[in-house]
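S.K.: Start from chain V and add chain R according to the hints.
Residue numbers (my numbering), protein chains in the order written: chain V, 1 to 787; chain R, 1001 to 1166.
Careful: at least some of the hints might be erroneous.
[Claimed, not checked] With a straight-line cut-off of 30 Å between C-alpha atoms, the simulated DSS-like cross-links for lysine-lysine are:
{"hint": "1", "chain 1": "V", "residue 1": "K331", "chain 2": "V", "residue 2": "K301"}
{"hint": "2", "chain 1": "V", "residue 1": "K127", "chain 2": "V", "residue 2": "K80"}
{"hint": "3", "chain 1": "V", "residue 1": "K120", "chain 2": "V", "residue 2": "K80"}
{"hint": "4", "chain 1": "R", "residue 1": "K1051", "chain 2": "R", "residue 2": "K1081"}
{"hint": "5", "chain 1": "V", "residue 1": "K383", "chain 2": "R", "residue 2": "K1051"}
{"hint": "6", "chain 1": "V", "residue 1": "K127", "chain 2": "R", "residue 2": "K1111"}
Hints are computed from structural coordinates only; laboratory data are not their basis.
Bear in mind that the values here come from a model prediction, so they are computed numbers and not experimental data.
One-letter residues, chain by chain:
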Amino acid sequence: MTTLFIDDKEITVEPGTSILEACRRHGIEVPYFCYHPELSVAANCRMCLVEVEGWNKPAASCCTPVSEGMKVRTRTEALKKDREMIMEYLLIHHPLDCPVCDQGGDCKLQDYAVEYGPSKGRYSEPKRAVINYDLGPFVNTCMTRCIHCTRCVRFANEIAGTGDIGVLNRGDHMTIAGIVEEALESELSGNLPDICPVGALLDKPSHDLARPWELSHHSSTCIQCPNGCDIQIESRGEQVMRIRPVEGSPEPFICDRGRYVYDSFRSPARILEPQIRQGDGFGSATWEEAFARTVELLKDKRVGILFSPYWSLEGLMSIRLMRDAVFPDAKVAFDLHRRDMRPFAFEEGFSMTTEQIESADQVVVLGCDLRQRLPLLMLRLRKRSRQGRPVTRIGAMNYRTNMSLSNDALIRPRDWHAVIARAMEQVQQLGKTAAGMDEWMASVDGRHEAGKLLADALMADTCALIVGEEIRSHEDAASLIYGLDLLMRACGHAEEGRDGRNLVPEAMNAQMLSAVFGDVRASAGELFALAQAGELDALVLVGSDPVGDGLFPSAAKAALERVPLVQVGAIEGEISRYAEVKLPAAAYVEIEGTFLNMEGRVRTANKPVKSLGEERPLWKVMMRLAMEMGSEPPVVSLEELREALYAAMPEVRDACNSVECDACLIRVGRNRDARALPRKTAEAFPLDVVSRYSMYREGMWARASELLSEAGRIHALDDVLVHPDTLAELGLKPGPLVVESFLGRHTFDIGVRDDVSPGVIYIAKRGVAGDLSDVTSARLVGCGGDS
Amino acid sequence: MTMNEAPRFSEERLQEIQALVARYPGPQSALLPVLHMAQEDFGYLSLDVQKYVAEVLGLTLIQVREVVTFYTMFREQPCGKYLMEVCTNASCMLNGADELVRHMCDKLGIKVGETTPDGMFTVTEVECAGACSGAPVVQINNVYHENVDAAYIDAFIEKASKEDAA
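This is chain V alone, in the form it adopts within the complex:
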């Protein structure tokens, strides 16, 4: 540790820390513009000058590391003059338009001008004006206000990996310019207005709508992906104006999906009052009427319950309590992306924190579009690759990552067994094995060379395995995951403290769901099949949209043609047209609650936004339902509900009571007995179908958001894509072709792309190809349809 004196105060920091960082950590104010803790140091604004005893000129504190016994002064007469001059320079061309600038009131330039600036400028020549750029649907530019700190340039290069902004010209003519003047091609573009210290880059959706001092601040947890970022919601009255990351939380940035989903909070798709079906439409009802109709539909019936994993832990617990009290035999499903319901050798969730993944020797991503699914983890992998650390990827599609991968292999989903078996062979040759490996290998016929990449990576001291949706939603997922588990155990990556097994969950709260619902869970597909077969009388849907999302849209539609649906939720999905009754439950930003992210971190939301209508927290709706159905409600207060939750998961209580709540991790479940051997099944059709996950289109909230839909249109790919070789082999040309599967024959416009694995049909789940989501394999035939 290094000890130094700043303004006579003795301070101890790690060696190599910059003086500015030391000041920041110890609450000593030094003004700065261009420095940002997450970005590289540019040292170009010169605002952070400090004096160091014995040095003959002031030093830029952001790029000067501390040294032992250093004596630093941050407030002297000379510095005051220096800062005054720098402010005068920065303000030469800066317009005096604070009253009409969105940043006004929340602007570093404004604050520092008051605190450090000369009260009067001496510059009376003409000021310059700069042309604005179109940086996509989320970023508004007013480049005349720019002070050229280059934070945005460094953000685009280092964090987003897009590198499409730069600094052109110099001196008076210096401008920030985008080469790609369309959509800033990043899933993190919404962070640009946050990192801009002045009003040059502004949030476009909230532009000119509110002043910073009118906004009230709420804190919550984002549930738009399993990363569960802390968010700060800024609202004026009832209207949410924007969502921002929380300073000091594990992730300093948030993605565009989590940020711009807010316009769906007030969308017409919200369920804000109880509604009952009347003919083809819905009529408003009182809670009493709605519950009366619900009881009519559910009383003494065989009921299936389908819910979304995105509710808070308390909400999910109340679903379990309600089920046990009212429908003790009901099948329960929550995962819309899992076909294989046998227990997995390692359950959904991460064994490593994202920091550990960032610093692991090797990272292997198996079948996952991380950039769309977990943008913040992608950001960490990007940081890795910038430091020259390897990332290996194996999967059905070269998902765009904005980083360089050290190894990349394209495979078809039906090749996964052969890939794992090949890796097993190689690790066994190197003398590493695990009980059961021989048996597993013996039941796989082929070997796929991509397995070599996997085995090579496993030889490292620490290896993070990130298992994605291509494996999780595989029909033989349990055996694949068992195979990977054997590999990890053989190579020593399964022990406590070195556990590198990470299975990307569908949503938040995965650890709780396997712990609390493990004994009653069924597959969503199974539930729909039962309903279709007449073995269920009604479905209760608690905030999920199996028609719009997931792998069973056709099955869901077929089931709902037969049985009535009671929908409880905060927002309608495409499923709502089948509902008989809609009961409003509060949205995630409107409740106090606890959430678990994929790493097992406990996130708490404690300052909710005001409810817009009659919606109630989910647990109250569930308990009322239990009462109306004639049962004693299992809990009557949030405290009692939490007690029930803690009884089921004592580690959550410990984490919530701990002062260092952020550091507590809820461990992922392990199934030591889950020994699934590969099934030998002949695929009915020659081509594999893989569906695309789009962060702008997946989920009811995203679809209800105009802002995200707009971004989705910009980032859209063709609905159905195949590798050019796949078509060439079949003697077909891109254009309208028939996709033949167990669902029948459908004609789609087929596009070609090199980065789809040969032998794979890659479909956009949303859009016209959405109905193919149920399918795992298909055949392509010409529109003549004779083959």
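M.R.: Okay, now just chain R, sitting in the frame of chain V:
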């Protein structure tokens, strides 16, 4: 090189560039000398040339654009066969550079920064050329001409035009 042709370095140039890149920790460090080569080979740095340089060095276009626009001696527009850069900084100005520029423009019938229609002469003003002892100074295609007056320039232009016609 005609306008429609895609810019390509010769084999020797590419080898030269390779050797240059090998001397630095990363290819970005070689950008400045490679841009000079490109300007020499292609006359000026059109957007196509900049894209090509980015491709050759494995950089993004914006990284190349940043450097090209920062340095005034990189030209993004074509210029005449004779690029005449007149220093108009203090010493040269005191010794009649402004009058010299006016004379040149009048004689050639162009404005500062323009090229004669026959593509022969371009006149620009530059800041201090660092040769105050010979003020006023005109740099013509990398050669300094010192103590220049109207007669000297007239003779130069005449000679150059004649040589070109021959």
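S.K.: Each of the hints needs a verdict: does it hold here or not?
M.R.: Structure-based check of each hint:
Our distance criterion of 30 Å between C-alpha atoms is met by V:K331 and V:K301, whose separation comes to about 13 Å. Taking the CA atoms of V:K127 and V:K80, the gap is about 26 Å. The hint holds against a cut of 30 Å. Distance check on the hinted pair: V:K120 and V:K80 sit about 15 Å apart at the alpha-carbon level, within 30 Å; holds. Of the supplied pair hints, the one linking R:K1051 and R:K1081 holds, its CA atoms being roughly 24 Å apart against a limit of 30 Å.
For the suggested pair V:K383 and R:K1051, the alpha carbons sit about 26 Å apart, so the restraint of at most 30 Å is met. A distance of roughly 26 Å separates the Cα atoms of V:K127 and R:K1111; the hinted pair therefore holds under the 30 Å criterion.
When each numbered hint is compared with the structure, no violation occurs for any of them.
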